[in-house]
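Asker: Given next are the chains, with one letter for each unit.
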Amino acid sequence: MEFTLPAIKIGAIAPELILVCSAAGLMMLDAFAKERGKTLLPILSIVGLALAMVASLKLWGKSEVTFAGMVAVDSYRVFFNIIFIIGALLTVLLSMNYTPREEIDRGEYYVLVLLATVGMMVMAAGTDLIMIFLGLELLSISVYVLAGFARGQLKSNEAALKYFLLGAFASGFLLYGMALVYGAVGSTNLAMIAETLATPHLPARVLLMVGVGLLVVGFGFKVAIVPFHMWTPDVYEGAPTSITAFMAVGVKAAAFAGFARVFIGALGALHPDWTMVLWVLAVATMTVGNLAAITQSNIKRMLAYSSIAHAGYVLVGMVAGNEVGRASMLFYLLAYTFMQAGAFGVVIMLGQKGEPRLNITDYAGVGHKYPLIGVAMAIFMFSLGGIPPTAGFVGKFYLFGAAIKAGYVWLVILGVINSAISIYYYLRVTVVMYMHEEGEEVLAVSRAPAVALALILTSVATLGLGIFPSWIWEPVQKTVNLLLG
Amino acid sequence: MQSFNIVVYVFAAIIVASAALVAFSRNLVYSAFALLFTFFGVAGIYVMLSADFLAAVQLLIYVGGILVLIIFAVMLTHRISDVEISNQSLRPAQGALILIGIMAVLLGVIFKTQWSLEGQLEYQATTALIGDLLLKKYLLPFEIVSVLLLAALMGAAVIVRKEVRGEQSGGKS
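First to last, the protein sequences are chains E and Z. Each residue of the first sequence is one higher than the one before, starting from 1 at the first, in the numbering used here. Each residue of the second sequence is one higher than the one before, starting from 1 at the first, in the numbering used here.
Since the hints were derived computationally from the structure, they do not count as laboratory data. Note that this is a predicted model, so its numbers are computed, not measured. For glycine and all other residues, C-beta sits at the position ideal for the given N, C-alpha and C. Honestly, I wouldn't trust all of these hints.
As the list claims (entries may be wrong) - Not the full set, but computed from the structure, chain E residues with beta-carbon under 8 Å of chain Z:
hint, residue
1, V111
2, V118
3, Y144
4, P203
5, L207
6, V210
7, V409
8, W410
Unchecked claim - With a cut-off of at most 30 Å between alpha-carbon atoms, the simulated DSS-like pairs for lysine-lysine come out as follows:
hint, chain 1, residue 1, chain 2, residue 2
9, E, K9, Z, K137
10, Z, K136, E, K62
11, E, K38, E, K353
12, Z, K136, E, K353
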């Protein structure tokens, strides 16, 4: 058999390559360096992420499919890469002081964060079901381990085990769904799937529908939409807080990246079929997430339920399915990255070793004792609740506007009601911080310059996106043309 | 064709019977050994479907690797002689409900789908074709699998390795 190597365009996968190389380099450094060299690990991860960001930005505006239809080089992917890299950068910043405090500062931590980021990028770039599945697995396996990184703590063990068992199940569902879709269509390539579905007569319609249903289950678990959300509060509560932030922003965005490319792109012809399902799921997700968040007393659990509710808002954009809907999903995920990472940053800032006091009532008096932290937390809470002039408000405005345009008025009405409900529990945090009598003693702030930097960045970005949304909204509208490969 | 069908059904019967033994056996060791025959049966089906490479890999990895691992895990688990720890049926009513649901969906799929059946199977060696595909069309997924394995390897090491400084030994289970 004669053998010719396929054309390999290194540039098309440069961001992924850079991160894999930095992860490998960090691993070597961790293995061979002395104690002092190990303090370089987070800084080198930041350098690697920054290089990957540059490499991603170089791909902006291109439009091609390489590696035998496996990878798309399009702005959709670049935008998601930016979200993932920002999420990973914030995670590293949040971890720099957190991991020594919790005594989990081992080198593998940053390596796994970088590898998980590679997985996210593969998911967003993949134009083949195989690529999307591999990206998801790379991401998930790294995050299972990260969730259980605080091995001395039972809660972290529990989080890792729960996430792993349920996550493995979800991966099984997803893979089975992909297999059935492949069986019905005869290809795993997204473009081929879209092409086959565009023909009027489908011989294997039932098979296809069951496959699509299983795909919804698999992706639904990863983005934590109701009724596949059960694991979220426990895992978010038990995992190290910096990893919780990583899961809430990065993992969710990555799952949505794959979800949207498969459903809007490849299964676009079936839009009428899956839209109703997602409509119901969106409403259920928003409602259950918000109602459950109201009753929470632990701040990490409250933020976990809030992240479920936010997945519901993003689903609204997917249901809308039009170009504005897609663009608003991306905008919202970016805005959400800043505000949610910021909120977890405040939790880290106000925590002590072992994080003994995570009740919302423990935040009493924080607003007066530490005015800057109070203001930052208030910005994140307002933004999560969707109050102007913050990123959360603008994001919701675009999402709901897209759904109205597509004619889903009831969905928007339910979404707005939900948004109003959510303001109650977001504002409660602010009220506790500023207006409650402090109890025994106000929480102490840990000395954490890196976290402080992350808080400054996120709060400025949250406000900036809220006041000047068009800076991001204009480029984001260019990203809506999905390539399929 | 007739003999082909008979062989396939024999393999299918082996799979179902041994899988039932895996599920219903009250002794974990019996379950593990019954799994051996399930894997063999699946390999046989692969052979009949002219997927020779897949059949070999099935034997190598599942029988040679995973099953041995399972049996080791079973044998290293203490209190293995206790029959109590084996699989008891929990909540049969709910289980039956799920079973019926899944059966209904799968049977629906099998009977409602118009399968595009190719009349005659063409037997040819697939190994070279797979190798060719792995280095051409599936080059990138192939590379990503290696990164995935690296992450899994390191993750497993992180989870199981001995306690390092500062960690209490009590918390870990």
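Asker: Evaluate each hint against the coordinates.
Answerer: Verification of the hints:
1. V111: At about 7 Å, which falls below the 8 Å cut-off, the nearest Cβ of chain Z leaves the hint on E/V111 intact, so it holds.
2. V118: For E/V118, the interface hint holds, since the closest Cβ of chain Z sits about 6 Å away, which is under 8 Å.
3. Y144: holds, 7 Å
4. P203: holds, 4 Å
5. L207: Interface hint status for E/L207: holds (4 Å vs cutoff 8 Å).
6. V210: holds, 5 Å
7. V409: violated, 34 Å
8. W410: violated, 30 Å
9. E/K9 / Z/K137: holds, 14 Å
10. Z/K136 / E/K62: Roughly 24 Å between the alpha carbons, so the hint for Z/K136 and E/K62 holds.
11. E/K38 / E/K353: Answer holds: E/K38 to E/K353 is near 21 Å, not above 30 Å.
12. Z/K136 / E/K353: Since the Cα atoms of Z/K136 and E/K353 sit roughly 51 Å apart, the hinted pair is violated (cutoff 30 Å).
Checked against the numbered hints above, the structure breaks hints 7, 8, 12 and satisfies the rest.
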